[in-house]
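J.: Residue numbers (my numbering), protein chains in the order written: chain A, 1 to 335; chain B, 1001 to 1469.
Simulated from the structure, these hints should not be mistaken for lab results. It should be emphasised that the depicted structure is a prediction, and the values quoted were computed from it without experimental measurement. A few of these clues could be false.
Computed cross-link-like contacts, DSS-like style, restricted to lysine-lysine with a CA-CA straight-line distance of at most 30 Å [to be verified]:
(1) 1297(B) / 1262(B)
(2) 168(A) / 190(A)
(3) 1375(B) / 1262(B)
(4) 1285(B) / 1458(B)
(5) 1057(B) / 1021(B)
(6) 253(A) / 1287(B)
(7) 1285(B) / 1378(B)
(8) 1187(B) / 1057(B)
(9) 258(A) / 1458(B)
(10) 262(A) / 1297(B)
(11) 1297(B) / 1187(B)
(12) 334(A) / 1029(B)
(13) 1419(B) / 1287(B)
(14) 1287(B) / 1375(B)
(15) 1057(B) / 324(A)
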Amino acid sequence: MSPTKTTAAVESKQVTFLEAIRQALFEEMERDPTVVMIGEDIGVYGGAFKVTAGLLERFGWERVIDTPISETAIIGAAVGMSYLGLRPVAEMQFIDFIACCFNQLTNFAAKSHYRWGAPAPIVVRGPSGGGIHGGPFHSQNPEMYFTHTPGLKVIYPATAYDAKGLMKSAIRDNNPVLFFEHKFLYRRIKEELPEGDYTVPIGKASVRREGRDLTIISYAAMLHTSLEAAETLAREGIECEVVDLRTLLPLDKETILKSVVKTNKLLIVHEDTRTGGIAGEIAAIVCEGAFDQLDGPVMRVTSLDTPVPYSPPLEEQFLPNTEKVVAAARDLAKY
Amino acid sequence: MAVDVIMPQMGESIFEGTITKWLKKPGDKVERDEPLFEISTDKVDAEIPAPAAGVLKEIKINEGQTVPIQTVVAVIDAAGSAAAAPAPAKPAAPPKQEAPAPVAAKPAAPARTPEPAAPKSAPAAAPAQTSAPVSRPSAAPPPPPSAEPENGKRIHSSPLVRRLARESNIDLTQLSGTGAGGRISKKDIQAAIASGAGRSSAGTAAPPVRPSAPPPPSTGAAAVQGAIESAVPRERIYFGQYEVQPMSVMRQKIAEHMVASKRVSPHVYSVDEADMSVVSAARAKYKGEFETRYGAKLTFMPFFMRACVEALRAFPSVNSSVDGTNMVLHREINLGIAVSLDNGLIVPVVRNAEEKNFLGLQRAVNDLAERARTKKLKPEEVQEGTFAITNPGVYGGLMGLPVISQPNVAILGVGAIQKRVVVIDDAIAIRPMVYLTLSYDHRVVDGATAHQFMGKLKSVLEEWNEPLI
C-alpha cells in the first residue's frame, strides 16, 4: 500500500491481471480529472482484493469515495454523478451483489440516454466467477442478466493485457459499461505489458489459437481452460481454433461466424450456468448466419444449473474443466 | 429385414419389465421412434419407441406379461433400411465358410452377381444366412434431423454436407459415411467430390497448385470398397510442385486387386528358359499360309497357351483355387491372357482351352485382345479364369515377376524371345531363347511342383510337334 508501489511507471516486468486493472484505473485517473472511484472499502482499505490500493493516497477523498453497504446507492449516485460531467467507476465488492442494484442499472443507467437523451458514462466493475471455494454468493457469473439489457455494454477479459486495455476503453466509453473481473485470474496470470498508453477495442473478439478441425469459443477463466484442452487435443490430432470473446455485449458475430465457416464445428465453453448462458445465443446466431456450414451440432460445456456449491468437491463437479472440454471436443470432432 | 424389439433396461438396477399396453398391432405400420408399447418397471413406467421404421410383424410378449430385460418382445419388418452392398464384394474378403464338402462333390453354390469388373470378383455370400438386428448407432450427440429423401431412406449427414452435395450434384444415398453412427461427414463428401465428379479434375494443363492442406483421399464412391492404404502419413506425399490425378475406376480396382493378391497369396517365383528354335521355325514356315487360309494373325501366344494346357493337365494343382482349407481343383482350363490397355490392364479369359486346337486358341486370343482394346468385352469374358499368362517380353523385358490374378494360384510371365548364346554339347550355339517365370501361391503349390510344371512347359515348347494347320 505504499505510494512507491502505486506509481504508474510501467516497467517491463510481469504484471498480474489484478495489477493490470489497477494500472488502468490509475492511469485513467491521471489522464482525466473527471474519472472518480466509488464503492465499498475502496479508499482507506484499498479494496477487498486491493485493486484500488494507493488510489486514495494519490488522488484524495473527493475522487476515491468509500460508501455504505448499498449497491443501489452506489449505482444511483454514480449515474447522478455522470449527469454532472464526472466519469465514475463504481465497484461491486463481489459482483454477486450487483443483483441489489439491478433496477438502477437496467432501468436508469441502461435507458437514460435512450429515454432522456442523457448519457450515463459509468463503469461498473467487480470480481466475479468461482473456483475459489467462495460459495453461492461470492462465485457467480451474472453477466447474462445485463447482456440481455439493451443500452449496456458488457466486458469480460481473460488476459492482463486485455484487462488493462479494455478498462481504459470502458472508462473512455460514453455508455454504461459493466466490467467483469474473474477473481480466479486476479493473481494467477501474469504477463508483461507494453509501456505507454494503449486501449483494446470493445466489441472485438480475439482468435487466441488457430485451428481447422473445430472452434472453441470461450471467455474469462474458461478461455485458459479451453487453451489447455486445445493443447491436449492437438496431441491427438484435433486442431482447435480458440476464440476469446472478450466482450459479450456487443457480441463480435463476425469473428464467430468466420471461425465456424473455417472449421464447420463449434463448441462453446463458459463458466456461467447452462440455461440462458451465452452459448445458446451464439448457437442461434450460428444457425442464423452459417447453418449450412455446420458439419455437426453446436455443443457447449458449462456449469450446471444450480447455485455455486460451497463444498469443494461439489464445486469441482459444478464447474467446467479441461477434461470435460476435451471429452466434448473429441465427441464433436468424431461426429 | 427383421428387426428385434427388446425390453429395455430403464435403470441400472432394473432387470425386468412388464408390458402394460401395446400401442400397435401386428400389421400396423410404425415409424422409427414412434411410441410402440408401454411398460412398467420397479422405478418407472415408460413409453418405448420403435427402433426402426416398417411394419409390426409379430408380438411375442403380450400385455400383462413380465420378462427380463433384453428379451425380444416383438419383431418389426423393417422397410428400406440397411441396403445391401451395392458393389462387388472385396476380392480378399473370404466368403462365409460352408461345411467342408468332399472334393468330388460340388459344394453348395453361393449366389453370384456378374460384375463387369477387371479383376475377378469373389462370390457374394448367400443373402439368407445372416439377419442381424439393426443396431442403433450410439452417437454421443443425437443425430441431426435430416431431410427425408424421396425414397424414404434416412440419410445422416449435416447441413454442410447437404450443401456440398447439392452444389456438386452428388447423390447422398450413394455414399457411405465414416462419421459417428455412419454419418456422412465433411471428409466423406469432400472425398466423393474429389474423385467422383471429375469435372474439376486436376489432370488439365493448368499449372500445378499446392493446396493448403493435403487433399482428402480419393476413395471414390461406395462402388470401390477397399481403402487404398498409404504406408506413410499422407502429408509426406505433398511437397514441392505436384499435380493430383484422381484414379479411374479401373485403376482403383487394379490397385485394390494387386494389394489383396499379394496379401492373400504368398508369392514364390520359379524361372526357367526355353529354346524356341523349333517353335520359331514352325511359325516362320506356316505363317503366310496360316494367315491366308484362316484370316488370323499367327503369333507366339498360342504356342505358350498350348504348353500351359499340357502342363496344367499334368499338374492339376496349378489349375486350382484356395478356399480356406479347401483346394478347389478346376476341371476346365480357362486361360486368362493379360492385355495391356491405355491406362490399365485387363485379363480376358479363353474358356475351355483344353478343348481348342491351335487355330482355336489363336482365334480366341486374337478376338479377345481386339475386343479388350476396343472395350467390347462382355462381363463373363473376364471371369472364371483358372490360370493366366502375361507377356512382359512384348515391351522388351527379359523376364517379369507377375502378381497372381485371384483366385488363381499361379501365373506365367513370358519374357522377350531373344537370340542368346547357349551351350549345347559343350559347343557354343546361338538360339532364340525365352525366360519363363512362374509366380505361384505357396499355400498349395510347392517348389517341386512348380519346377516340374516349368519343365513340362519347356519340353512342349522345345519339342513342338502339333501341326499348326
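J.: Hint by hint, note whether the structure agrees.
T.: Each hint tested on the structure:
1. For the suggested pair residue 1297(B) and residue 1262(B), the alpha carbons sit about 35 Å apart, so the restraint of at most 30 Å is broken.
2. For the hint linking residue 168(A) to residue 190(A), the alpha-carbon distance of about 19 Å falls within 30 Å, and the restraint holds.
3. At roughly 27 Å between alpha-carbon atoms, residue 1375(B) and residue 1262(B) fall within 30 Å of each other, so this suggested pair holds.
4. Restraint check for residue 1285(B) and residue 1458(B): satisfied, since their Cα atoms lie roughly 21 Å apart, inside the 30 Å limit.
5. At most 30 Å may separate the alpha-carbon atoms for a hinted pair to count; residue 1057(B) and residue 1021(B) meet this at roughly 17 Å.
6. Proposed proximity of residue 253(A) and residue 1287(B) is contradicted: the alpha carbons are some 83 Å apart, above 30 Å.
7. Between the alpha carbons of residue 1285(B) and residue 1378(B) the distance comes to roughly 35 Å, so the proposed pair goes past 30 Å and is violated.
8. Of the supplied pair hints, the one linking residue 1187(B) and residue 1057(B) is violated, its CA atoms being roughly 38 Å apart against a limit of 30 Å.
9. The hinted pair formed by residue 258(A) and residue 1458(B) fails the criterion: a straight-line CA distance of about 72 Å is larger than 30 Å.
10. Distance hint between residue 262(A) and residue 1297(B) is unfulfilled; the C-alpha atoms sit about 63 Å from each other, more than 30 Å.
11. Under the criterion of a C-alpha separation no larger than 30 Å, the hint pairing residue 1297(B) with residue 1187(B) is inconsistent with the structure, at around 52 Å.
12. With a C-alpha separation of about 34 Å, the suggested pairing of residue 334(A) with residue 1029(B) is violated against the 30 Å cut-off.
13. Our distance criterion of 30 Å between C-alpha atoms is met by residue 1419(B) and residue 1287(B), whose separation comes to about 20 Å.
14. Distance restraint check for residue 1287(B) and residue 1375(B): the Cα-Cα separation of roughly 28 Å lies within the 30 Å cut-off, and the hinted pair is therefore satisfied.
15. At most 30 Å may separate the alpha-carbon atoms for a hinted pair to count; residue 1057(B) and residue 324(A) exceed this at roughly 44 Å.
Of the numbered hints stated above, those contradicted by the structure are hints 1, 6, 7, 8, 9, 10, 11, 12, 15, listed in ascending order.
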